[in-house]
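Sequences listed follow chains A and B, in order.
Just so you know, my numbering puts 102 at position 102 of the first sequence, and the rest follows in order with no gaps.
Just so you know, my numbering puts 62 at position 62 of the second sequence, and the rest follows in order with no gaps.
Just so you know, these hints were derived from the structure itself, not from any lab.
Cβ coordinates follow ideal geometry from the N, Cα and C atoms, glycine included.
There's no promise every hint is true.
As the list claims (entries may be wrong) - From the structure, some residues in chain B lie toward chain A, with a derived Cβ separation under 8 Å:
#: 1; residue: R46
#: 2; residue: C84
#: 3; residue: S168
#: 4; residue: G170
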Amino acid sequence: MENQVTLEYLGAASIASGSAKLISGARRGVRHLALPSGGPVDPPSAAFANELLGNPPGQPLIEVPLVGGTWRIQGDCRIALTGADMHWEIDGQPVAPGTARDLRDSNTLVGRAARSAVFAYFALNGRWSKEILSSRELLLGGNIKIGKSWSSNLLACVDGAVKQQFTAPGPGPVYDMTSPINVYPGPEWTWLSPTRREGLLTARYEISTQSNRQGLRLLPQPNTPNSYRDHASELLQMISSPVLPGTVQLTPAGPIILGPDAHTVGGYPRILMLAPGELARVYQFGFRRAFAFHLQDFY
Amino acid sequence: MDVITRYGGRIYRPGPKNFTPPAPSVSNYYSFTTKPHVRKPRRIFRYGPLAVLLEWETIIDPAVNDAVHAYREALAGWPHVTDCVPAYASLMVVFDRPVREVDMDRLFELQMPDNWNTENIIHHLPVLYGGEGGPDLEDVAALTKLTKDEVINLHCGRDYRVFQLGFSPGFGFLGVTDHRLAVPRLSTPRASVTAGSVAIAGNQTAIYPRVSPGGWRIVGRCPLPMLNENVAHLGNLSRLAAGDTVRFTRVNDRKFTHLLQNPAAWKIR
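Pulled out of the complex, with its shape left as it was, chain B reads as follows (with noise of 0.2 Å):
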């Protein structure tokens, strides 16, 4: 069973002495079994005053990123809160009034159920790969000693979770690729990357939703928007939200064009 401690300040239930957080490690991807129950959080912190943090193991994993989803559901919800911010393996909540022991309380003591489930939603974006659009589909090649047929079809084939959404608006880290894709970051950033652009790096992969500054390796493009700028709300202004499944698949320029002219809209959440 998960240790939990308190921190921010001081410590009210004794957990392991002198903690050391381990170092972040994506290797062991495959390390942990899902298991029926939600994780409990390793640690909870107060982070100032008006916020709390909830932490699980540091690691990048889809067991430990479902928790973090799953008690995102159940808090979102509370009185008083106002923002649940998932991450890889945390979950940032924040209220409209200080945080009270009674809170700090309630997350301790807050059951998940056993089968905890939720929606999944399954986003299926189509990429037209190298060319114009994937200037570093030919260096990604190379670095991984694969033809660039091996190199699509190893990013088209599998499901990415959306870990969380950070860096710029709507920017979702997906993860994990194929292991025999992984390759640097660029040693020099573009200056600006293409709305659209779908890039690797590590073993993430992701979609630029606006032109903007980008260190990864851009394969291809997707034509669809990832991000909606006339919503009235602003709950929607993201086709990718954490927690979401993504599916890349391969079209020809055709496909592309038509899709570019004709995107389709996205589920309103």
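For reference, chain A alone in the conformation it holds in the complex (with noise of 0.2 Å):
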């Protein structure tokens, strides 16, 4: 049985909330015609959010940094939450992360600011519109930005009657937060010299606030020993070659780490790749956690 579904964004109450998105999956072999691969800055909890509901992994669902905001939802339909923890609340009911929930009719959906990391997800069952399906920002950019009053519709599956309570399976992914960030080398590692390199990978670092899904700004603690600075002037010149999301490149400005909708040919040194799994991780720390780099061999 399958019935229409209304989302719409209602806005939030706080002005530190960044842009949330509707994200299709991570996109394979379209990187050399200059499209990003897109997907989800958390793609274990994007996937379990789906996998609760059972949809088929990479459907599209709504990422939301920093602030929850206010959603309503309406029609019979089944929702899956994950992520960072943003004191979730359904018509005034709290919701944990990793739950899933049965809704009927018309419900409000409510998010406060973060606590736990930054990015939550929260998932539909059902269909999404053919018209958001082939729109020119899915399909060029991978996501759909979406502003206050923005609106969407559905198809819902609901195979039987409609529950008013669903099990809450698990928490879904936990990330560790203190631990350093796993990286391999990058093409230009051995450019820089031993001291340079040594001192980017004892400085500490926190997440610009200009970050985006393009790519974290890294900015060095204060204590950050000099060892780290002054890397402009070993910056050789290169001519532009091709990166991949989780690539450390490093920028007159400081190192920058790569995100889903980064370019896909870049001209900065790139110095070092996150280990798998630890670009989540990284985006879910937020601005005001320092961490380091770890270096890792491959063999």
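With the hints as a guide, bring both chains together as one complex.
This is the structure:
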């Protein structure tokens, strides 16, 4: 049985809220067209939301950074919430991350400021409208920016009678927020002198607020040793060459970790590459959590 | 013979000691003659656990770029390879599982045919130079000390290789332009450049496939769409692909309007 569901974003009270997005799964085999891979910044949490509902992997879902905001969901369907804990409430009833709930008629979902991480996800069990799935934004960018009063329809599949409560199956991915970020040497790592390399590895970084899905700008903490600095003089020019999400580029302004929406080629030295899974973890760190890199060998 | 070294934590075969990458140069465009055989990459790196980067001499050179595309064709069909991303002088090969020693061995031992050849798609792209669609044509003429007609004739006067796609979907970096057309980018990039704008910067030229910010100097406008966003398969999204050839042709207002209203389709790859 399928029925029409309408999802509407009513906005967020906090000006600190980021921009929510409807995100499709990461795309393979498109980077040669200069299309970014896209996909959620925290794929395990996003995948878990879809898994809770029995949705196919990569089904578009909502990615919400920093502040949950207020959403209206009209129609019978099922919702799953994962990722950052945003004190979610459905019609005033608290809902923990890693939970799926059945919804009937009209419901209001409210999330406040994230407390455990940065990015939350929620998925609905249904097929998004053709207009959404074939939209230029989703095709080229892999996501649709959601502004106030944004709304979209989808067809929800509800098998049997809608239940009031769905058993919470678990918390979903939980990240270690204290250990260093594991990295591999990048192609230009050996361009740097041993002193600079050591400086980059001993430095502790915070994520700049000038960060987004294209990349995370890193700021060294104030007590960072001098060996970290003055790397600009060592930066050799290079002609642009392919990059991947998770690449750490060294720019004159400091290191940048490329995100899922980053360009496919770049002209700054690629000094490090994050180990698999680490990009999701570092995106969930937030702005005030200091971290360092831990260099791994390939062998 | 090129020396191949393996990077990515360890060097497997001894390469040149204290290797320092040469500063990129575009002035030596003709310094390498095209060889009948495909150049081997100078270095092959592991790029994280899931990808490998093949790198040739770091110069903008058609012979080097030929090798990039020869390797791309050879590797695109390998099992577990999900993407091959060509650039000027490098190729990234992305796998759907961790790169294994056997993959590295196969890359090192890959033998390319002596006389490699591939289908070369030539795009004839009409351009209405100057006017509203080419607001920087006069500036380019002034900077290069040429007349506007000389700028246009030089721009139309040669074939361009699509060295790589980048910057935005379907944006091809075409080169190299006649050295007399070399101009710097705008000191302040435009916040919005019209789709189809034909621009030059340095020794390269490009067509902006869609509205975007841009710092290249716009000399004209092409009426043909560079992106097809209604395709079922993303592989046919872009008119241009890396490795293609572009020829610009000057058209007048009438022809431009006609082509704008009746754009030619492009070849399905």
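Comparing the hints with the structure gives:
The interface hint given for B/R46 is met, as the beta carbon of that residue sits about 5 Å from the closest beta carbon of chain A, less than 8 Å. The criterion of a C-beta within 8 Å of any C-beta in chain A is met by B/C84, whose closest approach is roughly 6 Å, and the hint holds. Below 8 Å, beta-carbon pairs count as interface contacts, and B/S168 has one with chain A at about 6 Å; its hint therefore holds. Using the Cβ-Cβ criterion of 8 Å, the hint placing B/G170 at the interface with chain A is satisfied: the shortest such distance is roughly 6 Å.
Hint check: no violations occur; every hint is consistent with the structure.
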